[in-house]
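A.B. asks: Given next are the chains, with one letter for each unit.
Number of protein chains: 2
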Amino acid sequence: MTELRQDPFTKDWVIIATERARRPHQLFHVAPRPPEEGPRADCPFCPGNEAMTPAALYEPRDNGTWTVRVFPNKYPALRVEDSPERSFDDGRFIRMGGLGMHEVVVESPHHYHSIDTLPEAQTCEIINALLARFHDLKRDSRIKTLILFKNSGSVAGATIEHPHWQLIGVPVVPPEIRRKYAVASLHFDEMGQNLYRSVIESELRSAERLVLESDHFVALQPYAARVPFETWIFPKAMQTSFGQLHGLAVNDFARVLKRVLAGVVRALGHANYNFVIHTAPFEDEHKSYFVWHLAILPRHSIPAGFELGTGIYINVTRPEETARYLRDVIR
Amino acid sequence: MTELRQDPFTKDWVIIATERARRPHQLFHVAPRPPEEGPRADCPFCPGNEAMTPAALYEPRDNGTWTVRVFPNKYPALRVEDSPERSFDDGRFIRMGGLGMHEVVVESPHHYHSIDTLPEAQTCEIINALLARFHDLKRDSRIKTLILFKNSGSVAGATIEHPHWQLIGVPVVPPEIRRKYAVASLHFDEMGQNLYRSVIESELRSAERLVLESDHFVALQPYAARVPFETWIFPKAMQTSFGQLHGLAVNDFARVLKRVLAGVVRALGHANYNFVIHTAPFEDEHKSYFVWHLAILPRHSIPAGFELGTGIYINVTRPEETARYLRDVIR
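For the record, the sequence lines run as chains G and Z.
Under this note's numbering, read the first sequence as residues 124 to 454, first letter to last.
Under this note's numbering, read the second sequence as residues 124 to 454, first letter to last.
These aren't lab readings, by the way, just hints derived from the structure by calculation.
Hints should not be assumed to be uniformly reliable.
One copy or any two copies: either way a pair holds, since identical chains are not told apart in the list.
[To be verified] List of simulated lysine to any residue pairs, SDA-like, C-alpha gap at most 25 Å:
1. Lys134 x Gly434
2. Lys410 x Gly214
3. Lys134 x Met219
4. Lys134 x Pro297
5. Lys381 x Arg454
6. Lys134 x Gly214
7. Lys134 x Lys267
8. Lys134 x Ala305
9. Lys197 x Glu126
10. Lys359 x His310
11. Lys267 x Glu126
12. Lys267 x Glu299
13. Lys197 x Gly434
14. Lys134 x Glu406
15. Lys410 x Leu260
16. Lys261 x Val373
The whole structure should be built from the sequences, with the hints applied where relevant.
C.D. replies: As structure tokens, then:
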């Protein structure tokens with residue numbers, strides 16, 4: 124079966140072509156789960172090697188050792204010392220200084236671990252570290268939005284194996300995010316509804332792409348999933364900003380993330396994936412057009428010429444089927 | 124030096140962060156050029172194995188053997204038998220049938236070859252095959268645009284090693300292409316100029332990102348290059364559609380492509396890359412807002428969480444420097 128589906132949030136198309144899964148090459152780049160071992164001498168994120176990174180910005184301790192460690196990226200994409208000044212060469216080439224922040228959040232002292240097997244309390248530590256940095260970085264009004272993400276596995280773009288997140292604060296609202304707001308604003312103007320809330324409610328009713336529902340969260344696979352097993356986790360409180368996450372919901376978020384990832388790992392092996400937290404730009408947090416969410420994107424085939432030329436992804440699975448699989452293994 | 128640059132055609136931002144090139148991991152996934160060998164028994168694109176693929180749609184012959192071979196993709200993303208009918212589940216989930224075409228163009232009978240060392244006459248054969256299929260597929264008015272691309276190397280998404288192109292005809296105008304037209308239309312309304320022509324003329328004047336100029340083509344690196352050595356080849360005749368390429372310009376295009384790719388290979392080794400031909404949607408060909416072009420995208424780091432979350436690429440080189448390098452080695 125082959126069809127095109129339109130993402131209700133971006134209006135981008137995805138091709139669902141299940142027959143392509145029959146192609147004679149591996150569906151997923153599956154890496155075996157590495158053995159548990161002690162700290163590695165050459166890993167800049169392992170305990171004992173703290174001098175290999177910039178000084179910590181956040182480093183809670185338990186029994187004398189840090190549990191999570193946040194520091195500025197040694198090779199930053201953007202820097203807090205730069206200016207956001209713009210110049211307009213020849214009236215058409217617009218550039219601005221590389222102002223921003225780029226931080227690393229090391230998930231735990233253990234070189235080999237994964238959120239699906241990590242104790243929930245440790246995942247709470249990670250989420251609290253992300254929240255602490257979110258609140259601190261947001262105070263700089265030159266920054267328009269913050270991207271929180273994790274690259275796991277070399278196929279997903281990780282260059283250091285020790286599990287870590289990155290936070291990048293950017294001095295512009297990325298056009299891709301503007302476009303989502305344009306779609307959501309139009310929906311609000313036409314229907315008087317928050318588009319994200321409407322879709323989540325509709326997904327809860329039909330339940331065919333639902334993965335998991337907890338006290339505070341809903342995990343579901345998007346209608347126009349770009350890759351097999353793409354899964355989004357939304358707060359039921361329908362907050363616009365990740366910064367509004369607090370209290371018992373933090374623990375629930377840790378639990379849901381662990382269960383969903385365990386299901387994905389069960390399906391795909393210790394796969395390569397990205398986590399991306401989508402949150403409202405700071406100046407749009409008060410507009411209830413959006414709901415923040417964490418997207419899990421397992422890395423299947425490599426986006427190539429077709430995706431680069433059109434923005435259209437080709438997914439070889441139907442999210443209804445992969446969601447059912449996850450529901451079954453998670454239950 | 125770190126700065127943000129805005130792409131004048133899409134308004135997307137790119138971060139140019141040259142210090143990140145110092146990171147302790149390989150800049151490029153460089154594969155050595157494979158040895159020249161005979162046909163391979165297990166390759167579906169090698170001579171003698173024609174029965175492993177669908178029947179040819181285009182297959183010019185010289186001395187009894189085919190020179191280039193075009194056939195439908197055995198595992199198509201879209202199919203010509205499908206309907207373009209739409210349905211609107213729950214008023215918000217829009218889908219349509221998987222109508223389209225997906226063809227493969229095998230570049231030559233040789234399993235191991237590369238356009239930078241291939242005889243120019245053979246590259247003309249390839250371009251003529253692309254043009255022949257373009258004109259034929261365009262006759263189906265249900266197809267809105269055609270994407271012509273080549274994935275070279277596994278890091279660039281190639282699943283079969285034998286060099287080949289793909290053509291995908293889609294029944295929608297991809298939103299990414301609509302957005303480019305929206306930017307170009309606004310520019311025309313404000314300035315009375317074709318944005319692409321204006322930028323090309325400005326690049327020819329400044330020459331700092333110019334790679335090569337021939338009788339019929341200009342090769343340059345875009346101001347907001349997304350990856351190191353990204354290079355675009357534009358026709359000086361400023362045509363909107365690849366389908367307008369003809370006559371002596373075909374030979375010149377083959378020559379320019381060969382010289383530019385030879386420079387890229389000299390810089391990066393036998394690197395992984397994508398070619399993408401950007402051409403006007405069929406119904407927009409008569410509007411002079413656009414200029415068709417071939418984009419060469421060497422594959423550097425893997426787009427990961429940040430790019431997925433923002434659409435912002437991080438490039439560790441300045442196009443002015445990589446263009447100067449190419450000018451020097453190509454001269």
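A.B. asks: Taking the numbered hints from earlier one at a time, note which ones the structure violates and give those numbers from smallest to largest.
C.D. replies: none
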